[in-house]
Amino acid sequence: MTDAPKHLAANPRLSTWVEVGADGVVRLRVGKVELGQGILTALTQLAADELDVDPGQVRMLAASTAGPDEGPTAGSMSVADSGAAVRQVCAHVRALFVAAAATRLDVPAETLLVRDGVIRQRGGARSTSYAELAGDVDLDRDVDATVPTKAADELSFTGDSLPRVDLPDKVAGLPRFIQDLALPGQLWGRVVRPPSPAAVLTDADEEAVRQAPGVVAVVRDGSFLGVVADDELAADRAAESLRAAARWHESATLPDEDDLSSYLRDGPVTTFSVDECGDLEAAPPVVRRLAATYSRPFLAHASMSPSCGMARWDDGSVHVWSHSQGIFGLRRATAQALGLDEARVSVEHVEGAGAYGHNAADDAAFDAVLLARAVPGRPVHVRWSRQDELTWSPFGSPMSIELRAGIDARGRLASWQADVWSQGHTSRPGYAGTPGLLAATHLEHPHPFPAPVDPPPERGSGSTRNAVPGYRVPVRRVRGHRRQEVALRSSSLRTLGAYMNVFAIESLVDEVAHAVGQDPLEFRLTHLDDARARAVLQAAADRAGWVDRPRDGDTGLGIGYARYKARGAYCAVVAEVEAVSDVRVRRLTLAVDVGRIVNPDGVRNQIEGGAVQSTSWTLKERVRFDRTRITSLDWETYPILRFSETPEVDVVLLDRPDLPSVGSGEAAQGPTAAAIGNAVAAVLGVRVRDLPITADRVIEALGA
Amino acid sequence: MPQTYQLTLNGSVTEVHSEPDTPLLHVLRHQLGLKGTRFGCGTGLCGACFVLVDGAAVSSCDTPVWSVEGRTVVTVEGLAGETGLHPVQRAFLDEQAAQCAFCVSGALVSAAALLARDPHPGEAAVIEALDRNLCRCGVQRRMVAAVVRAGRSDGEPSGGSS
Numbered sequence: 001m002t003d004a005p006k007h008l009a010a011n012p013r014l015s016t017w018v019e020v021g022a023d024g025v026v027r028l029r030v031g032k033v034e035l036g037q038g039i040l041t042a043l044t045q046l047a048a049d050e051l052d053v054d055p056g057q058v059r060m061l062a063a064s065t066a067g068p069d070e071g072p073t074a075g076s077m078s079v080a081d082s083g084a085a086v087r088q089v090c091a092h093v094r095a096l097f098v099a100a101a102a103t104r105l106d107v108p109a110e111t112l113l114v115r116d117g118v119i120r121q122r123g124g125a126r127s128t129s130y131a132e133l134a135g136d137v138d139l140d141r142d143v144d145a146t147v148p149t150k151a152a153d154e155l156s157f158t159g160d161s162l163p164r165v166d167l168p169d170k171v172a173g174l175p176r177f178i179q180d181l182a183l184p185g186q187l188w189g190r191v192v193r194p195p196s197p198a199a200v201l202t203d204a205d206e207e208a209v210r211q212a213p214g215v216v217a218v219v220r221d222g223s224f225l226g227v228v229a230d231d232e233l234a235a236d237r238a239a240e241s242l243r244a245a246a247r248w249h250e251s252a253t254l255p256d257e258d259d260l261s262s263y264l265r266d267g268p269v270t271t272f273s274v275d276e277c278g279d280l281e282a283a284p285p286v287v288r289r290l291a292a293t294y295s296r297p298f299l300a301h302a303s304m305s306p307s308c309g310m311a312r313w314d315d316g317s318v319h320v321w322s323h324s325q326g327i328f329g330l331r332r333a334t335a336q337a338l339g340l341d342e343a344r345v346s347v348e349h350v351e352g353a354g355a356y357g358h359n360a361a362d363d364a365a366f367d368a369v370l371l372a373r374a375v376p377g378r379p380v381h382v383r384w385s386r387q388d389e390l391t392w393s394p395f396g397s398p399m400s401i402e403l404r405a406g407i408d409a410r411g412r413l414a415s416w417q418a419d420v421w422s423q424g425h426t427s428r429p430g431y432a433g434t435p436g437l438l439a440a441t442h443l444e445h446p447h448p449f450p451a452p453v454d455p456p457p458e459r460g461s462g463s464t465r466n467a468v469p470g471y472r473v474p475v476r477r478v479r480g481h482r483r484q485e486v487a488l489r490s491s492s493l494r495t496l497g498a499y500m501n502v503f504a505i506e507s508l509v510d511e512v513a514h515a516v517g518q519d520p521l522e523f524r525l526t527h528l529d530d531a532r533a534r535a536v537l538q539a540a541a542d543r544a545g546w547v548d549r550p551r552d553g554d555t556g557l558g559i560g561y562a563r564y565k566a567r568g569a570y571c572a573v574v575a576e577v578e579a580v581s582d583v584r585v586r587r588l589t590l591a592v593d594v595g596r597i598v599n600p601d602g603v604r605n606q607i608e609g610g611a612v613q614s615t616s617w618t619l620k621e622r623v624r625f626d627r628t629r630i631t632s633l634d635w636e637t638y639p640i641l642r643f644s645e646t647p648e649v650d651v652v653l654l655d656r657p658d659l660p661s662v663g664s665g666e667a668a669q670g671p672t673a674a675a676i677g678n679a680v681a682a683v684l685g686v687r688v689r690d691l692p693i694t695a696d697r698v699i700e701a702l703g704a
Numbered sequence: 705m706p707q708t709y710q711l712t713l714n715g716s717v718t719e720v721h722s723e724p725d726t727p728l729l730h731v732l733r734h735q736l737g738l739k740g741t742r743f744g745c746g747t748g749l750c751g752a753c754f755v756l757v758d759g760a761a762v763s764s765c766d767t768p769v770w771s772v773e774g775r776t777v778v779t780v781e782g783l784a785g786e787t788g789l790h791p792v793q794r795a796f797l798d799e800q801a802a803q804c805a806f807c808v809s810g811a812l813v814s815a816a817a818l819l820a821r822d823p824h825p826g827e828a829a830v831i832e833a834l835d836r837n838l839c840r841c842g843v844q845r846r847m848v849a850a851v852v853r854a855g856r857s858d859g860e861p862s863g864g865s866s
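Going down the list, the protein sequences come from chains A and B.
Using the working numbering, the letters of the first sequence correspond one by one to residues 1 to 704.
Using the working numbering, the letters of the second sequence correspond one by one to residues 705 to 866.
No wet-lab data here; the hints were simulated from the structure.
Treat the hints with caution; some may be incorrect.
[To be verified] In silico contact screen, one side only, chain A against chain B (beta carbon under 10 Å); selected entries:
no., residue
1, LEU35
2, GLY38
3, SER161
4, ARG164
5, LEU167
6, SER303
7, GLU351
8, ALA353
9, ARG383
10, SER385
11, ARG386
12, GLN387
13, GLY609
14, TRP635
15, SER644
16, THR646
[What the hints assert, rightly or not] Over 12 Å on every C-beta distance to chain A, these chain B residues come out as not near it, computed from the model:
no., residue
17, GLN707
18, GLN710
19, THR712
20, SER716
21, GLU719
22, ASP758
23, TRP770
24, SER771
25, GLU773
26, THR776
27, GLU786
28, THR787
29, ALA817
30, ARG821
31, GLY826
Every residue, glycine too, gets a C-beta built ideally from N, C-alpha and C.
The whole structure should be built from the sequences, with the hints applied where relevant.
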């Protein structure tokens, strides 16, 4: 490897990434964070292989702003980017220790072998180790990107299903989450959020609450209202008192939840071209056209824990504990919001409940920063309520997609037009030069939210992620239309626009296949040149018994395929769905190609989880609101998939040991939704194009 | 007025001094330092805060402490015995039945309650027993496989879904 992995270019010092202790333990500090996806385990395996140590000798330290800036943990890029950096760093560290061993043992470096951290002369009796040499090797130097990393056949741990390094603690119930932090002098904060997105605080009875038991401080700044107490329950009760006495001016600023497609088109809208190929007017003779419009509502992250944050101020500087996906962005945003030098803000990552994008972690951290400012020297721990989590976290954007396909005389796709209407899919803190933190929008001198935008194409786009079909179509026009002023904040939710774009594309492709009288699998294979794409489709179909599937009754199969971001993981899904009075997904069969597999069970777990979460989005989920307030505010009004509704999931992994590893966390969502939709159509003979596919929507489609 | 309550917690007679309506979850996490029981919703709808009360899985977030006076409470920390982890905890590790694992404490408690009354449950019984627990990462099927495995005397995987 001669080109340095890109995260090393920005963070070249070895000592930023790694330290080797006199105990022989290698401590790595990466910029990516554990979200429940198992990244720390995969990176441990890569490091152990390059260093020739046992994985038990590798410790992954919590990410912090003192370590490397690898950007947010997002977009399924951790194994590819952080993995490449860790491999290069560890290869260089190994070379430095081998050189030091050669000096100490007075033998040529090329005669030395390393195993389990012991460095020994081949066939000789003398040895030394990482532990013994730790004091001799200076890691305060730039990484050498010319040191070769190992070839696929030299790897011992990569490719094994090493158990997750963090699970023993979590299964034993040990305190490990940010929710569990307990520091000396710790206080508890609560924020009283406005009752609706546009509400303004007009009156609050701070004095009465200040006298309440346990209350240490009440903070009011504009419409930001919060309390700090010496006990969590006291903080809850004080917040309820504050809420009961607070008066707000509310405004009806929300769109019609039943007509988000009009809302997205009513603008102002920025239109941009994604793909233009060939001339639609002069397209090869089109003998038939199909067109359809698909939509999804706002979606919530709905993590199992409400977000948390903690902060402590000392001498005008603030230290923050957060489960943020992007601790450097949070530092930047916090400094911007408070007019502070970034050097006065430090952030360290602490694991939280599962994160599936830009959720409220950063907002909760900033709440803690604001509340802790009232009590310098004391750490203030803030935990949101379930209601705030479901109503104030950023949402996944609604989308409306118009597709038109032209079919030639041979029954092949001749032309393809797509128009994707959406809000932007990212408004991460510090992203657009403004803080983008919830509490900052409520201050007396507010920093309003930036309009959500989309990542640039080189980072995978947003609204139009996966909007260009992977199938051979000679004439294409794909455009995005992003609404500029939004009624509700949207930001990154797992796969951004890809989930909906793949659902729409794969639905219409299925409709075209039926229209030309071809099997949906055959039709797809006919239109795919990429052997890896064909392989996942064939593997999923074979495993699921596609060819022999029953053709009538209450159960049917549907298929879906995509390559995530057109350059990431390949994934094909066959869904078995039973549809009578409601829709039940019985079984999902997935085939996946993520290049070289670092941890097979880790990939399976991510694919299974992605498929199940997608099933939940596809069948059940929808943020509800009236014209003023969000009305989906608990698990009854925002239901997610339950155990009794969860399909069996069968995953086939196609390993490509010689190809680069890509992420697996976002491969399954789009193809799973598509396979479910296509299976519903196979059973009922009608399509539900507006998600979620609820019993009501099915009845509506049947009656149409 | 704070009162003194006595309960058997994880095998030991324990006294707590608290307002009667203080949620059991708060007493566990803050007075007794048992942080394995999680806050998820505060209204008993997600199962993250489940504990065993006289053998039944109940949500501790909306259970007032007065109501457990004289009763037997077991938290996730109390599932393990002197010989190590509870079989269902070992099975969760064997099956790697977690992603973020925030819901796992509550799922383990539901599973332990089931295994105590039905030592060898089938898949359908496990799904029914865990249906009051929510999981957002999509690990439901692995957890089901783990509980079935824990109920098999040989501790071997059940085969099938994963």
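Hint-by-hint comparison with the structure:
| no. | hint | verdict |
| --- | --- | --- |
| 1 | LEU35 | holds, 7 Å |
| 2 | GLY38 | holds, 7 Å |
| 3 | SER161 | holds, 8 Å |
| 4 | ARG164 | holds, 6 Å |
| 5 | LEU167 | holds, 6 Å |
| 6 | SER303 | holds, 6 Å |
| 7 | GLU351 | holds, 8 Å |
| 8 | ALA353 | holds, 4 Å |
| 9 | ARG383 | holds, 7 Å |
| 10 | SER385 | holds, 7 Å |
| 11 | ARG386 | holds, 4 Å |
| 12 | GLN387 | holds, 9 Å |
| 13 | GLY609 | holds, 3 Å |
| 14 | TRP635 | holds, 4 Å |
| 15 | SER644 | holds, 5 Å |
| 16 | THR646 | holds, 4 Å |
| 17 | GLN707 | holds, 15 Å |
| 18 | GLN710 | holds, 21 Å |
| 19 | THR712 | holds, 18 Å |
| 20 | SER716 | holds, 16 Å |
| 21 | GLU719 | holds, 19 Å |
| 22 | ASP758 | holds, 20 Å |
| 23 | TRP770 | holds, 15 Å |
| 24 | SER771 | holds, 17 Å |
| 25 | GLU773 | holds, 19 Å |
| 26 | THR776 | holds, 18 Å |
| 27 | GLU786 | holds, 15 Å |
| 28 | THR787 | holds, 14 Å |
| 29 | ALA817 | holds, 15 Å |
| 30 | ARG821 | holds, 18 Å |
| 31 | GLY826 | holds, 14 Å |
Violated hints are absent here; each numbered hint is respected by the structure.
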